[in-house]
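Peer 1: This is what each chain is made of:
Protein chains: 2
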Amino acid sequence: MKAEIICVGTELLLGNIVNTNAAWLAERLAGLGVSCFYQTVVGDNRERLLETLGIAAKRSEIILLSGGLGPTQDDMTKETVAEFCKKKLVMDDKSRAHIEEYFAARGMKPSENNWKQAMVPEGCRVLDNHNGTAPGMVVESAKGRFILLPGPPEELHLMFEESVAPYLKALSPNVILSQTVKTCGLSESAVEEQIRDLIDKQSNPTIATYAKTGEVHIRVTAGGETAKEAGKLIKPLVKELKNRFGNDIYTTEDEVTLEKALADLLTSAELTISCAESCTGGLVSATLINVPGISELYKAGFVTYSNKAKRRLLGVKKGTLQKYGAVSSQTAEEMVKGLLAETKTDVGIAVTGIAGPDGGTKEKPVGLVYISCNVKGKITVKECHFKGDREKVRRSSVTAALMLARSCVLEYLSKVTFGK
Amino acid sequence: MKAEIICVGTELLLGNIVNTNAAWLAERLAGLGVSCFYQTVVGDNRERLLETLGIAAKRSEIILLSGGLGPTQDDMTKETVAEFCKKKLVMDDKSRAHIEEYFAARGMKPSENNWKQAMVPEGCRVLDNHNGTAPGMVVESAKGRFILLPGPPEELHLMFEESVAPYLKALSPNVILSQTVKTCGLSESAVEEQIRDLIDKQSNPTIATYAKTGEVHIRVTAGGETAKEAGKLIKPLVKELKNRFGNDIYTTEDEVTLEKALADLLTSAELTISCAESCTGGLVSATLINVPGISELYKAGFVTYSNKAKRRLLGVKKGTLQKYGAVSSQTAEEMVKGLLAETKTDVGIAVTGIAGPDGGTKEKPVGLVYISCNVKGKITVKECHFKGDREKVRRSSVTAALMLARSCVLEYLSKVTFGK
Chain W
18 MKAEIICVGT
28 ELLLGNIVNT
38 NAAWLAERLA
48 GLGVSCFYQT
58 VVGDNRERLL
68 ETLGIAAKRS
78 EIILLSGGLG
88 PTQDDMTKET
98 VAEFCKKKLV
108 MDDKSRAHIE
118 EYFAARGMKP
128 SENNWKQAMV
138 PEGCRVLDNH
148 NGTAPGMVVE
158 SAKGRFILLP
168 GPPEELHLMF
178 EESVAPYLKA
188 LSPNVILSQT
198 VKTCGLSESA
208 VEEQIRDLID
218 KQSNPTIATY
228 AKTGEVHIRV
238 TAGGETAKEA
248 GKLIKPLVKE
258 LKNRFGNDIY
268 TTEDEVTLEK
278 ALADLLTSAE
288 LTISCAESCT
298 GGLVSATLIN
308 VPGISELYKA
318 GFVTYSNKAK
328 RRLLGVKKGT
338 LQKYGAVSSQ
348 TAEEMVKGLL
358 AETKTDVGIA
368 VTGIAGPDGG
378 TKEKPVGLVY
388 ISCNVKGKIT
398 VKECHFKGDR
408 EKVRRSSVTA
418 ALMLARSCVL
428 EYLSKVTFGK
Chain V
18 MKAEIICVGT
28 ELLLGNIVNT
38 NAAWLAERLA
48 GLGVSCFYQT
58 VVGDNRERLL
68 ETLGIAAKRS
78 EIILLSGGLG
88 PTQDDMTKET
98 VAEFCKKKLV
108 MDDKSRAHIE
118 EYFAARGMKP
128 SENNWKQAMV
138 PEGCRVLDNH
148 NGTAPGMVVE
158 SAKGRFILLP
168 GPPEELHLMF
178 EESVAPYLKA
188 LSPNVILSQT
198 VKTCGLSESA
208 VEEQIRDLID
218 KQSNPTIATY
228 AKTGEVHIRV
238 TAGGETAKEA
248 GKLIKPLVKE
258 LKNRFGNDIY
268 TTEDEVTLEK
278 ALADLLTSAE
288 LTISCAESCT
298 GGLVSATLIN
308 VPGISELYKA
318 GFVTYSNKAK
328 RRLLGVKKGT
338 LQKYGAVSSQ
348 TAEEMVKGLL
358 AETKTDVGIA
368 VTGIAGPDGG
378 TKEKPVGLVY
388 ISCNVKGKIT
398 VKECHFKGDR
408 EKVRRSSVTA
418 ALMLARSCVL
428 EYLSKVTFGK
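Protein sequence lines, in the order shown, are assigned to chains W and V.
Each residue of the first sequence is one higher than the one before, starting from 18 at the first, in the working numbering.
Each residue of the second sequence is one higher than the one before, starting from 18 at the first, in the working numbering.
Calculated directly from the structure, the hints in this document are not laboratory data.
Note that the structure is predicted; figures quoted are calculated from it, not measured.
One or more of the hints may lead you astray.
As the list makes no split between identical chains, a pair holds if one copy fits it or if it spans any two.
As the list claims (entries may be wrong) - Calculated pairs, DSBU-like style, for lysine-lysine (alpha carbon to alpha carbon, straight line, at most 30 Å):
| id | residue 1 | residue 2 |
| --- | --- | --- |
| 1 | 186 | 249 |
| 2 | 160 | 334 |
| 3 | 404 | 229 |
| 4 | 381 | 334 |
| 5 | 399 | 229 |
| 6 | 393 | 340 |
| 7 | 395 | 361 |
| 8 | 249 | 218 |
| 9 | 361 | 340 |
| 10 | 19 | 249 |
| 11 | 354 | 409 |
| 12 | 404 | 133 |
| 13 | 259 | 126 |
| 14 | 105 | 19 |
| 15 | 409 | 111 |
| 16 | 354 | 259 |
| 17 | 105 | 379 |
| 18 | 245 | 354 |
| 19 | 133 | 218 |
| 20 | 381 | 126 |
| 21 | 325 | 393 |
| 22 | 126 | 229 |
| 23 | 277 | 379 |
| 24 | 393 | 104 |
Bound conformation, chain W alone:
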């Protein structure tokens, strides 16, 4: 089954935004076993979109489009696909009701433009948008299958998972299954070297690595006539990966993030947690609170950006700040010590560092971050040197903080178990 991706939007053509939708869709298609040989970006322009549709329809069976479903005159993806497939646009009552509801919930009235979003090509399959007002569509015609998705990533992701993935799975005679083995704390080349032999002899299942911030995911994909058959092929390879990487693997489930893995570990060990952050500014807490139901174990967080806040809220000593500075192993240690004293939780994480672009010196350059973890009084401090801009340093710090907490809790548990 051959697919291609067309992203519609003048803001993409002008380079105002980076095309993350294409990468996201491509990765999901690959995961579903759908081959994708082309990605095209075209502006909100009828003639050029028609031309692009013509080229795509000749060489691919499934064409995924993102963007251009908004309420404005600019947005013309749906109208142009309908024209290309020779379909009329008709009002979809369910979409109309959804738009009405959406605006009512915000105490606003839809404008005339908004009703345009409820118009769909006749006979299409309408895909609900639970993160916005523009419905998605699957248009099946003599020209091919066109899947229209909204441009905003959070709308596109949810709609793809809820509606498009099941649709594509149903089209393919073969079942493609994949499982992701997620590691943290290793570089991509280190991971690749450890599985070079498995990569070299791959056929079915295939095996591939993907680098994320601080993490490397190994995706194992197998095809078979049934899910059971494909699953049987995957199982021994995942087992082998578990043998090779041990505790560096934090999950073998696609939907489990690092923060979710940490939360699960804390829940099973009945440990509560709190955070104190300087340069990450609340991002470690915000990431942990990504996990639904975290309120059972996450108790409180402090953003102690100023020295005064570090002293007042966490009891960091004035002398420590003066002698070693706010970005130091000593301050990180006192932060996490004070944190547990204040919150009475079992585990604490603290972060202090220089995210840049200013504030770096020769001794303490931008990217220097100290992360500390306190598990019931046992404190571990890690010095990290991250590369990249402010955003990248902060993201790297969050991942490193979650990883440190995970390894400290694992160590604590191994001793508790051993002691029993």
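Assemble chain V onto chain W, guided by the hints.
Peer 2: For chain V alone, coordinates are given in the frame of chain W:
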């Protein structure tokens, strides 16, 4: 002058990496006044690249390619472009010497593969690569102008600035300038309705709207023989937009975000700020701390996810939590009151709500969020109803919190000024 961008690489097609090169090139081309109507991604595959070149050469005068210039067998961009243009590959002595030097400087010997990088289509213009070994090329032929650039962004950026921008400038007589007017608190369709007359009569400058979470950006773009001439065309339109949208515009500068605008407003008014967050879990603080240099005015943040933390850290009354619940206007008010008492800052923001997926009831559904702002004792509480998943509700809450803080501070300042 019409150009298009072709990015070559299987890692792009599989979604392993995001295509930042296309966005970067597109933005630079727009800045140089070169129209770019298409971007295509194709894998390292001779047939499909030939097909893509054929399509591009028919509709564009300049074709920029990135990627596929590496030393391995996979890399075939140069070979395929040469084939397409019917040019032989010949050894470029300067490139050969550069490769020799590059490896010598690192104490390494080039492998046989590396010499492949010094082969170029006969008669082309070779572009030096000061960040790597693969030279770039400009191939001018009866089929069109092809500009070949390396895939690694730091090599591509430098080569573009050093060699490609001057080459394109020499080809084109025009300059394109654009400016972005950013509004918050209005829907995209509401913005469009207010500027329908301007959109309808647009030619040079052009005007277009882009929706972001809680924000709508209006981009004004003009072309002229000089930057001064283009600037003169933009200025009156931006002034007109300022008249129409007033305080709903938070900036007219491309690089200023909502958090930066709030930070600038606070700085100019010499006001300090702090945050107390429940459902956003630190994301308001983290967003504010995106702004470099924020430490002057951002003092501290609390993530009071549990009721206990709300009581202990912010002094929310037990009775209030019992009678009205943690997600209530009353709790939001007490949070932000306690926040200022604790931090002694001038401005405080507090957020409490139900991000979901669990925790919603009929009376208090998922998406119900109370946001409060305290400016020197004057408290404003806003009730919001957001749709979407946990992530979307939290993102919407952050934007709404920044907007509320901005409008409360503006109101405070208008009274202070008025009172003087």
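Peer 1: Hint numbers the structure violates, sorted upward?
Peer 2: 2, 16, 17, 18, 24
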